[in-house]
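Protein chains in written order, with our numbering: chain A, 3 to 540; chain B, 9 to 120.
Please note that the accuracy of each hint is not assured.
[As the list claims (entries may be wrong)] Lysine-lysine pairs mimicking DSBU-like chemistry, simulated, CA-CA at most 30 Å apart:
1. A/349 / B/32
2. A/486 / A/402
3. A/349 / A/486
4. B/110 / B/75
5. A/25 / B/32
6. A/349 / A/263
7. B/32 / B/110
8. B/78 / B/39
9. B/32 / A/263
[Stated by the list, open to error] Rough simulated footprint, nothing fancy, chain B against chain A, three-plus residues with beta-carbon under 8 Å:
10. 308-317
11. 432-439
12. 469-481
[As the list claims (entries may be wrong)] One-sided and incomplete, this derived list gives chain B residues near chain A with beta-carbon spacing under 10 Å:
13. 75
14. 92
15. 104
The set of hints was computed from the structure by calculation and includes no laboratory data. Ideal placement from N, C-alpha and C gives every residue a C-beta, glycine not left out.
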Amino acid sequence: MQTQGWSPFAGDEDLSFFPMIRKIDILSSNSYLIGSEDDLILIDPGAITEQADRILSVISDLPHNRQLSGIFLTHTHMDHCHSLVSHPGLSSFADIAYSHVSGVHALKTEDYGVTQATLLGKRLYPTLLGNPLFSENQEAGRYGLPEETITLPGGLLITAYHTPGHSPESICYRIGESLFIGDTLFAGSPGIAGLVGYSRDDLLHSLNGLRQMISSEDITVCYSGHGNPIPAADAIRSIDLVLRQVEKLSGIETQTPGRMKETALFAEDLMAEIDENLTIISGRITFVSHMLDELEEGDSAGEISSVLDGAAVDDLLARYNSFAEEYRRGAHQPILLALNAANIAGKLERLIDRGGLGIVIEPWLIDHLDELINDYMTLFRGFRPLATLKDCNPTALCRKVIDSFDPRQADQLLESASDDDFAAALALRMGQVQVVNEGSVTVCTTDENLSAIMDPIRFERAALTLITRYAACGADEMTITIEKRDEDAVQITLSTGDTPPDTRQLRYLRQAFALSGGTVLRTDEAMAVRYPAGRTFI
Amino acid sequence: MMEITRAETGGVSFADVFGRIDSKTAPEAEKILRTFAEEQEGNVIVNCSGLEYISSGGLRILLVIEKELKGSGRHVILCGLRTDVEKIFRLTGFTSIFTIEKTVDDAIAHLR
Numbered sequence: 003m004q005t006q007g008w009s010p011f012a013g014d015e016d017l018s019f020f021p022m023i024r025k026i027d028i029l030s031s032n033s034y035l036i037g038s039e040d041d042l043i044l045i046d047p048g049a050i051t052e053q054a055d056r057i058l059s060v061i062s063d064l065p066h067n068r069q070l071s072g073i074f075l076t077h078t079h080m081d082h083c084h085s086l087v088s089h090p091g092l093s094s095f096a097d098i099a100y101s102h103v104s105g106v107h108a109l110k111t112e113d114y115g116v117t118q119a120t121l122l123g124k125r126l127y128p129t130l131l132g133n134p135l136f137s138e139n140q141e142a143g144r145y146g147l148p149e150e151t152i153t154l155p156g157g158l159l160i161t162a163y164h165t166p167g168h169s170p171e172s173i174c175y176r177i178g179e180s181l182f183i184g185d186t187l188f189a190g191s192p193g194i195a196g197l198v199g200y201s202r203d204d205l206l207h208s209l210n211g212l213r214q215m216i217s218s219e220d221i222t223v224c225y226s227g228h229g230n231p232i233p234a235a236d237a238i239r240s241i242d243l244v245l246r247q248v249e250k251l252s253g254i255e256t257q258t259p260g261r262m263k264e265t266a267l268f269a270e271d272l273m274a275e276i277d278e279n280l281t282i283i284s285g286r287i288t289f290v291s292h293m294l295d296e297l298e299e300g301d302s303a304g305e306i307s308s309v310l311d312g313a314a315v316d317d318l319l320a321r322y323n324s325f326a327e328e329y330r331r332g333a334h335q336p337i338l339l340a341l342n343a344a345n346i347a348g349k350l351e352r353l354i355d356r357g358g359l360g361i362v363i364e365p366w367l368i369d370h371l372d373e374l375i376n377d378y379m380t381l382f383r384g385f386r387p388l389a390t391l392k393d394c395n396p397t398a399l400c401r402k403v404i405d406s407f408d409p410r411q412a413d414q415l416l417e418s419a420s421d422d423d424f425a426a427a428l429a430l431r432m433g434q435v436q437v438v439n440e441g442s443v444t445v446c447t448t449d450e451n452l453s454a455i456m457d458p459i460r461f462e463r464a465a466l467t468l469i470t471r472y473a474a475c476g477a478d479e480m481t482i483t484i485e486k487r488d489e490d491a492v493q494i495t496l497s498t499g500d501t502p503p504d505t506r507q508l509r510y511l512r513q514a515f516a517l518s519g520g521t522v523l524r525t526d527e528a529m530a531v532r533y534p535a536g537r538t539f540i
Numbered sequence: 009m010m011e012i013t014r015a016e017t018g019g020v021s022f023a024d025v026f027g028r029i030d031s032k033t034a035p036e037a038e039k040i041l042r043t044f045a046e047e048q049e050g051n052v053i054v055n056c057s058g059l060e061y062i063s064s065g066g067l068r069i070l071l072v073i074e075k076e077l078k079g080s081g082r083h084v085i086l087c088g089l090r091t092d093v094e095k096i097f098r099l100t101g102f103t104s105i106f107t108i109e110k111t112v113d114d115a116i117a118h119l120r
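If we strip away everything but chain B, and leave its shape as in the complex, we get:
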């Protein structure tokens, strides 16, 4: 089960991810995040506080989106990672690819 919804705080939109991003859900997650990024300007905030599990396929789709944005000087900002998910980012080296903030508010502050 995976769900990505659009949320807003203080006039800033962000993507809210829930559930598991694995081989079954990664293609759908990639599609939704790409559409969300296309409809946005500037950096893209992805709130992962509801993300329970991410597989290597999930990491790959985040990297694909980051690379697509990077061409136009934009980036993915991840926030709210649960300890278990952040552990995977650290163990794979992905913390050096992405900007990671503690909370949505921190991510918005980073944006500004």
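Next comes chain A alone, as it looks inside the complex:
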């Protein structure tokens, strides 16, 4: 936590200011102390004991036995106010605390949803705040935002603007040239948009009102609930960005604790799959580079090894895995794992140069990696990953999958390469590690012309992943049976024998086939997936 001691307040030399700025996370917000000659207020006490202790110690160090005359909550999410309901030293000030009336109600009734207490793993205690705001005046003021002016006993003036959207009880407070904006600028962020109490329409309205107010009034600086102070001009640019972000967020699902658990479980499965996929890609690059070195093609070996920063990828995966291990031991809430996975997946995505990888890695592995990252980010943002369903011939699709394992296809690359292209073709050929033995997978069908409604691309990748992983685990006799079970359904059964990958991978494969439009029926010694029947191909 950064603190620089007391300093003059922007635009008003008569006020003094003690900001406590934390690194950005969801464990606790920033806190701000503002003092006039006769008043002393706190904006957002935060949620960490050390932070609350520090606030009280800063106050006790002031001369003349100064006491707080008001605590102002930008909203009642637990990262902003848990100390007010739980810290023995601060909870005694509840009677001088101000919040929107619906926030007062949420804390009084221990609403674990609106306060995000369940999501953040915080315990609530019934707390009655003394000063509900906007209990009567809900009429829009100058910028379309309801406003209310509070005059403290010592004469300090504070204007409250009701700015719902991030939560129904969100408020921005203006003191002189400064505006305290709570979580306004984070309200459209993935994982934050869609929290219980989020309203897209309210948020758009509040953002437009705030933008107009900051542009028209003498606001010089905005203080956010998380992160550093923001000059007014930058705050307007940030609001514009959030507006664009939120406008695109139509139809997201509510980030309930249950959904966050689901997202965290999906994160674990997908991150494990991303980990394995990147290990394969990075390992193959090392393998090809080594083989080229052995063939005294040192230049090509160097070029190949530079297409991926394997050390950086490994480092990110190790960081994620160590966090996930702590999560499995119960040290973190699901939302933290979901946020961590999104952060790492985003960084991994930026490290991947698809063009560079393409000179040595099979295209489907790169596409698979893309799909994994996209699916996770889609779910994390509050949407469902989509399948592009169409009428397909499942037998032809399965034969295409099997043909792709034929080493002669890869050898043709070498045979057709010119002298100049030979080293590049050799690298690509070496990158196509043969895992599935010729003839080890067969397709059986009663009717070559069956048709099913499915996402062919997702199905192909799921089938390729399943077959290669089982083959790498030792399965050398696999059968894909395609049959019409009744008028309405076509069933594809991938029989793999008794050497399944681990439970986690099996769970991922179920998800992958389900996302191809199928219903997964069983996964013991076979992955049986049922698709709606399509029009018959003739």
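Given chain A, put chain B in place with the hints provided.
Just chain B now, kept in the frame of chain A:
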């Protein structure tokens, strides 16, 4: 967590690997395996039955040791790979670089 200890069966020493070799533990694993190889003569047996996870960085350090040994006609012999770890070796092509045996006894038999 990663640990490599020295073990012996029938007068033959081998390295016993436990835990995870990832970006955090790979430098330490490389150091220990190199020291073990320097103190040995002939091929170097690495028992991976306790190895739970290997990252690409882990594969790279095994390759570095193999290349160092190869100069003097020696090799790394891996054994006891768990299904999940062997899967990674197969999927990356590393099975064609290393001699891989099922058990420590098989690795010792290979040595002889």
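Evaluated hints:
| no. | hint | in the structure |
| --- | --- | --- |
| 1 | A/349 / B/32 | holds (18 Å) |
| 2 | A/486 / A/402 | holds (20 Å) |
| 3 | A/349 / A/486 | violated (44 Å) |
| 4 | B/110 / B/75 | holds (22 Å) |
| 5 | A/25 / B/32 | holds (25 Å) |
| 6 | A/349 / A/263 | holds (23 Å) |
| 7 | B/32 / B/110 | holds (28 Å) |
| 8 | B/78 / B/39 | holds (17 Å) |
| 9 | B/32 / A/263 | holds (28 Å) |
| 10 | 308-317 | holds (count 5) |
| 11 | 432-439 | holds (count 3) |
| 12 | 469-481 | holds (count 6) |
| 13 | 75 | holds (8 Å) |
| 14 | 92 | holds (6 Å) |
| 15 | 104 | holds (8 Å) |
Hint compliance for this structure: hint 3 is the single one not met.
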